[in-house]
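**Q** Protein chains in written order, with our numbering: chain D, 46 to 525; chain R, 3 to 489; chain U, 34 to 139.
It is worth saying that the hints were derived from the structure and are not from the lab. In this text the structure is predicted, and so the values were computed from the model without any measurement. Mixed in with the good hints there might be a few duds.
Listed next, the stretches of chain D that the computed footprint assigns to chain U, with coverage defined by at least 3 CB atoms under 8 Å from CB atoms of chain U [said to hold, decoys possible]:
#1 69–80
#2 94–106
#3 181–190
Glycine included, each C-beta is placed from N, C-alpha and C at the ideal position.
For reference, the chains in residue letters:
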Amino acid sequence: MKFEPVIGLEIHAEIQTHTKMFCGCNADHTSLSDPNILICPVCTGLPGAMPVLNKKAVDLSILVGLALNCNINKTNIFARKNYFYPDLPKGYQISQYDMPVASNGWLDILEDSMESKQRVRIRRVHLEEDTAKLTHHENYSLIDFNRAGVPLLEIVSEPDMHSVEAVLSYANKIKTYLRYLGVNSGDMEKGILRFEANISVRPYGCQELYTRTEIKNLNSFRSMAQAINYEIDRQINCYDNGETIPQETLGWDELKGKTYSQRGKEEAHDYRYFPEPDIPPVQIDRSWVEMISSHMPELPDAKNQRFIDQYGLSIQETRSLTSEKDIADFFERTALLSSSPVRTIYNWLMGDFTRQINERKINYQAIPVTPENFAQLLDLFSSKVINDFTTKEILIEMFNSNKNVLDIVSEKGLHQISDADILAGIIERILSENPGQVKQYQAGKESLYQWFMGQVSRETKGKSDPQVVQRLLTEKLKVQ
Amino acid sequence: MELSNLSVRKAHEMLVNKQISSVELTSAVLENIRRLDPKIKAYLTVTETHALEQALKADIRLNAKENITPLTGIPYALKDCLSTRGIRTTCGSKILDGYVPQFNATVVEELDKSGAVLLGKNNMDEFGMGSSCENSAFFNTHNPWKLDRVPGGSSGGSAASVASGLSLFALGEDTGGSIRMPAGFCNIVGLKPTYGRVSRYGHIGLVSSFDCIGPLTQDVYDCALVLQTIAGKDSMDGTSLPASVPAYTSSLGKSIKGLRLGIPEEYFQAGMDEGVEITIQEAIRVYEKLGMQICEVSLPHTQAALPVYYLILFAEASANLARFDGTRFGYSSNHNFENVVDLLIQSRQEGFGEEVKRRIMLGTYVLSSGYYDAYYLKAQKVRTLIIEDFKSAFEICDVILAPTCPTTAFKIGEKKQDPLTMYLSDIYVVATNPAGVPALSLPCGFSEGLPVGMQLIGNHLSEELLFQIGYAYQAETEWHKIHPPII
Amino acid sequence: MDFSNKEFSSLIDINAVHYIANLIRLKIDDKEARVFSHQFSQIIEYFQKLTEIDTGDIQPANENWAMNNIFRDDVVKPSMSREEFLNNTPHHDGYFVRVPRIFDDR
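So here's chain D without its partners, still in its complex pose (with noise of 0.2 Å):
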């Protein structure tokens, strides 16, 4: 029997506002290994605090929900979901039940191929607090509220995945959604970008759903492939075997490569949801979303189309742009400044530029190079004012010094040698130094042509014209 997965994701993303969901305290807990700092009476659940909503965190919330296409419901209602956990300080969660921001949106994956492109539907966006930090010892615990009350939100999908790429795929849309709308850094190693995976297999052409297992703590995008392949497998062999699949929760054990069941999970999850009592409703009319959507930036998707209808780029290539909103406006402002081809600039910005952000280690925010700057250095690299080992050359000196292009050009003399007499003069003074070479390349070596190119470019120290090279080259190491 061939069975097929079905797999939906649950997300939680925290909303990167300047404070807490219901607190003025500040909610950047990432930067800082302080415990207990980032605290007040209603972040720790003290008696007496009271909750009141951060306007920002609805706001966001509200654009993500039209992001992932769903309908923003005008009537939002926040619930109190009651159970016990030590990092959970009031006892319960404040969170959203039945009157979520957002709900019934959906987002195309796997758009490579006509074939596999697929839309997987959202059930719901909703917001909710955060909960304490805890740290495990042998036989003690320990708990740090820093985190506890960042907002967060939290984005159900249908089990509408197949396959582990399309999983992948809905993965990383969403946290590129989520890093262009400026709502998460897509930091999954920090947990600021969490994913659980339900996941069943059920045979082909069947409509009826399996019990599901829910996976947790996938804090990679390569555990959470591993994971559910494994529990896939698992799965088809139990059924394969006659077995049954409980329901329930899992968690994936890197070094074993194994989903393992947690204990304590026997007790039902009575969550006793009722309306907030402390937060009035929140209203959100028409003119709201409208303010909210006049500040959606150009998508992903939107941006590819544009990219390939303005640019003539293909589609892998465009890809590589968005994946960051920072790099593909990067291009842009260049593209908009440079008068060198497109092919040019692209080829440029994703090799040895990006060569340089990733060896030190920086992201776009922080590099000293300006779009400007790079624009003027491809176009003098376009007009043979320099050649590409010069450009790479200034490059690298642009990002370790904040100099401009044409001063570090002329500082360092690093003009293009062109003039063919004065490369004839070289080639000749190389070739009459090096006879035996000159015989075997006559002979039929014909690899020696690079290394009397690399002995050309080592005398004129990099700056010499590589076609004015090439064609005198050609020339004068022809038999006589």
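With chain D fixed as given, assemble chains R and U onto it according to the hints.
**A** Positioned in the frame of chain D, the structure of chains R and U alone reads:
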């Protein structure tokens, strides 16, 4: 004249005229506490040093004639459900014994700013659960009129302290009669303001939808003065009303002729003690004499108010008390635990009293899956009907009159056995909180030597009107001037 | 123990009481459970009266507030100091709140 029996208004006059100092006044009241509180037991914590320090500061202000408010230098007490920075706050429960808040409730901040002098924290039924002050984890408070009687609850300590000159005013909290009932039993004035009129930030909450903080005073004028200081929008409390605060004393003394007094037919059917009924009827005649029009109104869902009230109370209390888990603050069980769940269970087990346990278990039950619709949701729907009842009634009348309690103060231990009977005695006070409307309880006579209280219930934000009518009644009667023999 | 006695055959049986106690993190023994079961049943029976009231399509009061949209600006306010917070904490190490080992996963 006994300084500790001064009204706030009179004391203020004397302070401003330098006939007395705040230190003198505060010392007199502290002396009274030393003398009488061992019998009455209104206080859980007396902050003598702190009080005298504040009194000294108040005197400096008064001497410099700077920034003087009607409450500057006036000694007061707080029900122990209000957070006070640096001062033990127990909410009447063992589970908070030793808890010292690091912040003030907003109302406490307001009183501090006004220069009032905090004497200490009053005893109460544990977490406000009770109407007799017999459910405190520490001890019972005694009614100053007859020491073997209850003072009412849950703000029993606060009422007893004002009634016996152990504070010139107090703040209590009313979830379903908790200010009004003790005010009625102790012969003082108690106001449950409109829901949201006074900030709840820092109040150790029981029922978020119903809890109202309000003044307990010797007379209506004082009540207006105190409300003036504590009312207003608070950015820390999302449910506090944005409506501006009027000058509450400006309506006092105006005629109440022509105003309509509604008598709800459902309140005057079987149930009231004969002595109480007679006293209430006499009060109605006083209002008639003052020119009010007496008319009949109906609050058809009166009977339903009780289950509505208790269902919502149980549910919200069960959630509000979930934060008491022995980990971050408060009582933590002493044993060595290997597992945190055991610590939680044991701490709550040892820290909560029986009534608290009963109520939070019931609350959990009514919210649990399968029962939510039938109980909690249903209660919220019927609550809408109760709100409609009051709305309709206020189209026919300006204010509603009701007894505060069907009986006078009962004996300590008398009603404790049967929880259901205890609940039934709340009938006149529990409809107001689900409706959010304000209600003023004032003394209206005696029955067999014990005080009888009556309520004036008004529409949302009608405190001015309630004060006006109450003041007129007190100008015509002397009940509020009578003090318990013990003092 | 025989729970078939009519007095105790009630709306909320002993097992339900134990279940509720567990949910709310309270510990009760069988004797207490029986007392609670009896008391609760009386109270709940009284509350059944509500079901007799026709509420048709009336909106629940807690979904219909006089005011809506009460917010806070996204501006950082001073936090409580760790010392102040830990002042009331039964067990801590000066930095973290300390509790016995947490075994159950979320």
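**Q** Run every hint past the structure and note whether it holds.
**A** Each hint, compared with the structure:
1. 69–80: Holds, because 5 residues of the region 69–80 of chain D bring their Cβ atoms closer than 8 Å to Cβ atoms of chain U.
2. 94–106: holds (count 7)
3. 181–190: Result for this restraint: holds, n = 10.
When each numbered hint is compared with the structure, no violation occurs for any of them.
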